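**Student:** Sequence:
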Amino acid sequence: MDLLRHKKAAAGRGFLDDQFLIAMPGMKDDRFARSVIYICAHSDEGAMGLIINQTQQMLFPDLLVQLGIMNEQEAIRLPAHTRDFV
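Residue numbers (the working numbering): 1 to 86.
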């Protein structure tokens, strides 16, 4: 129930947690053109979203390292022959 209250309060303040952004057809920014973005977190401190309809060059473990969620030694690494299937 607390999570539901938090989500309603965040929405009331204009935050977009757990929402999807869909790029308009005329979007000129190559980083976001033709993208569907899931907003994971949005607050006064900033926002984080994941583009869900395009492949990315960054692997998920590398993202976790970049965000400081885990360090390089903790990152899960798949064998090279399996990476094409991820």
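Hints may contain errors.
Between beta-carbon pairs, the in silico distance windows are [claimed, not checked]:
| hint | residue 1 | residue 2 | range |
| --- | --- | --- | --- |
| 1 | L59 | V36 | 17 to 23 angstroms |
| 2 | M24 | I76 | 14 to 20 angstroms |
| 3 | R77 | A33 | 16 to 22 angstroms |
| 4 | N71 | M27 | 32 to 38 angstroms |
| 5 | D62 | F20 | 34 to 40 angstroms |
| 6 | A75 | M48 | 17 to 23 angstroms |
| 7 | Q19 | Q73 | 17 to 23 angstroms |
Hints in this document: simulated from the structure, not taken from any laboratory. Owing to the predicted nature of the structure, the values given are computational and were not obtained by experimental measurement. A virtual CB, placed ideally from N, CA and C, is assigned to each residue, including glycine.
**Student:** Against each hint, give a clear statement of whether it holds in the structure.
**Tutor:** Here is how each hint holds up against the structure:
1. L59 with V36: 17 to 23 angstroms: Holds: the Cβ-Cβ distance is about 20 angstroms, inside 17 to 23 angstroms.
2. M24 with I76: 14 to 20 angstroms: The hinted range 14 to 20 angstroms is violated for M24 and I76, with Cβ atoms some 36 angstroms apart.
3. R77 with A33: 16 to 22 angstroms: violated, 32 angstroms
4. N71 with M27: 32 to 38 angstroms: holds, 36 angstroms
5. D62 with F20: 34 to 40 angstroms: violated, 24 angstroms
6. A75 with M48: 17 to 23 angstroms: holds, 19 angstroms
7. Q19 with Q73: 17 to 23 angstroms: 35 angstroms Cβ-Cβ, so the 17 to 23 angstroms window is violated.
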